[in-house]
Amino acid sequence: MSVFQGFRFRRVTSPIHSLDPRAKFVFVLALFVVAVLFSDLVPLLVLFFVPLPFVLAAGVRREWLRSLRGAVFLAVLIFVFNFVFGYLYKTSTTAVLLEFSFAMSLRFVVLVESFSVFFLTTSPDHLSLALEQSHVPYDFTFAFTTAVRFVPVLAEEAETIMDAQKARGLELERGNFLKRVRNYIPILIPLIVSAIRRSLELAEAMESRAWGASPKHTNLYVLKLRRGDFVILIFSVVLLVVGVYVRYFVSIPHLSTFLPPLPF
Amino acid sequence: MIEVKDVHFSYPTGVEALKGVSLSIGEGEFVAIMGQNGAGKTTLIKHFNGLLKPSKGEVLVDGVSTRDVSVAKLARTVGFVFQNPDHQLFSDTVYEEIAFGLRNFGFDAETVEKRVDWALNLLDLTEYAKTSPFLLSGGERKRVALASVLAWDPKVVILDEPTIGQDHRQKENLRQFIVQLNGQGKTVVVVTHDVEFVAECGPRVILMTGGEVIADGEAKKILTDTTLTLSASIVPPQITQIFLGLSDFGVPSDVIDVSEAKRILMDYLRGAGY
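Line by line, the protein sequences are chains A and B.
Each residue of the first sequence is one higher than the one before, starting from 1 at the first, in our numbering.
Each residue of the second sequence is one higher than the one before, starting from 265 at the first, in our numbering.
Simulated from the structure, these hints should not be mistaken for laboratory data.
Even for Gly, the Cβ is constructed at its ideal location relative to N, Cα and C.
Incorrect hints may have been included.
[As the list claims (entries may be wrong)] No farther apart than 30 angstroms at their CA atoms in a straight line, the calculated lysine-lysine pairs in the BS3-like style are these:
| id | chain 1 | residue 1 | chain 2 | residue 2 |
| --- | --- | --- | --- | --- |
| 1 | B | 337 | A | 179 |
| 2 | A | 179 | B | 378 |
| 3 | B | 317 | A | 179 |
[Claimed, not checked] Residues from chain B that face chain A, not an exhaustive set, calculated with beta carbons under 8 angstroms:
| id | residue |
| --- | --- |
| 4 | 310 |
| 5 | 335 |
| 6 | 339 |
| 7 | 341 |
| 8 | 351 |
| 9 | 532 |
If we strip away everything but chain A, and leave its shape as in the complex, we get (with noise of 0.2 angstroms):
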C-alpha cells in the first residue's frame, strides 16, 4: 500500500502547493508526453531530474521518495520484461538492450514520480474547483474527486480486512501462482461489498441533503493564473517543444557506443 502514501495529500503551504491546479496539470501532461516520446536512456535521465526542484520546493521529498519507492518493484518488472523478451528475440545486441530496458522502466519512473508531486502538493478541492472551472460538468468532477478521495479510505480499509483475515489462518504468501491469487478473494469480496455499500450510504447521505437541488451553485474560492502559474505554463510549452525537436531532428546519443562492448 505504500505506493497510495505517496499520493496522499498534506496540507502544507508552500509555493508549489499554491500554485494553481491547472498550470501544475499542463506541467504534469507536458512531461508525461516528451517522457512517452522517448525510448533513449540519455533524455529519460535528463527528465528524470525535471521534477527534483519542484518536491524540494515543496518540502514533500518524503512522502515522494515512499512514492518512489513504491513504484520500483513495477519498474523492477519493467526492465526484466523487456530485457527477457528482447533477449529471446535477438533484437539488439546485449549492450543495447540493457540500455533499452533501464530506459523503458527509468520511463515508467518519470511517469509515477510526475503524477506523484501532482497529487502530493494538491489538495482535492483545488481538483475539484479546477476540473469545474474548466467547465467539466459538476456530476463527473464530484464523481472523480470522490473517488480520489476514497482511495487513502479503500487501501486502509483493505488493510483491515486483510488483517482480520489473516487471524484466521489465511496465509496470502502460500502456494502456487494460481493459489496466491486465490488466496486474495476473502480479502476482495468484504472490500468490494463495502465499497458498495458505503457508495449507497454515500449517495443517500447526498440526496438527505438536497444533492442536485439548484442546478447552479457558485464557490467561494475562484481559481486566477497568476505570475507564477505562468511561469510553470511557459515551462511545460518550452519542454513540449524542446522534448519534440530533439525527439525529431536531433540524433541521441546511445550510452552503450561509449562503453568497451560486454563480454556476452
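Starting from the known structure of chain A, fit chain B onto it as the hints suggest.
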C-alpha cells in the same frame, strides 16, 4: 500466556501508538482493556497474535516471541474477533464462513464438519447454516464472526469492541457467553468503551491512555477511581456515580454491581427505620 515486555510501537506514518507497555495475562484470565479513542488499545491487541510486531521490546505468547512465528501459527492459539464483521465475511453460506478458518489450519474434512456444527450450535446459528452471511442482521453477522473464530477452539479469545451496535438483549447474551467461555478456562481479552458492560462482567481492567498503561487491577477498584477514569476519558458506571454522590450518607464509594448496591441501600434504609 501472553507476556508483553516494554513494547514500543510506531506506525509508518511516525505516530507512536505504544510507548513502553508491559503487562502479563495469565491462562484463564478475563481482561478488559479500556481507554479513550487513540489510546493504543487496538494496536496493543494486534500485537497479541502477531499482526503487528513491536518496534522495540517483545511480546511472548506461550513463551515464544511473536517475531519468530507467523500470524497464521499464532492465530491457532490466539483467536481474534474484529470489531466489524463486514471486514471478514465473504463466503456464500454461514457454514462455509465458519469452515474457512478450520480449513486454513488444516483440519481434516470430518473434523471441520464436526467443529462447524458445534460452533453453529454454540452461537445459535444452526438455522442459518445455508444462508448467505450478507443477508443476516448486524447482530447475527457479529455472531457469525465470533463463531468463525471460536470454531477452532483457540486458547485465547480477543474481542475488539464486541458490544458496539448490539441491543441490550444481545449484549446480555454476549456477556453470559463470555463469562461461560472464561469459565471453561479460556483466556478472554475484551477491548471496549462500554463501562456498564465491564461493570457487569467484573474482569481485570487495564486502563490505557496515550499509548501507556495507567492502571491495571480489579474492575471494582479502577472503575470507581474518578481520577483514573477521568484521565482515560471514561465515566464510572451509573451505579457508582450514584454512590459517589451519596458518599455523605456513609455508603461505600467502590460499588459497581447493581445487586450489591441494592443490598447496601436496603440495609441503609432499614437502619434508618423504613
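Hints and how they fare:
{"no.": "1", "hint": "B:337 x A:179", "result": "19 angstroms, holds"}
{"no.": "2", "hint": "A:179 x B:378", "result": "26 angstroms, holds"}
{"no.": "3", "hint": "B:317 x A:179", "result": "27 angstroms, holds"}
{"no.": "4", "hint": "310", "result": "7 angstroms, holds"}
{"no.": "5", "hint": "335", "result": "5 angstroms, holds"}
{"no.": "6", "hint": "339", "result": "5 angstroms, holds"}
{"no.": "7", "hint": "341", "result": "11 angstroms, violated"}
{"no.": "8", "hint": "351", "result": "5 angstroms, holds"}
{"no.": "9", "hint": "532", "result": "49 angstroms, violated"}
Of the numbered hints given earlier, the model fails hints 7 and 9; all others are met.
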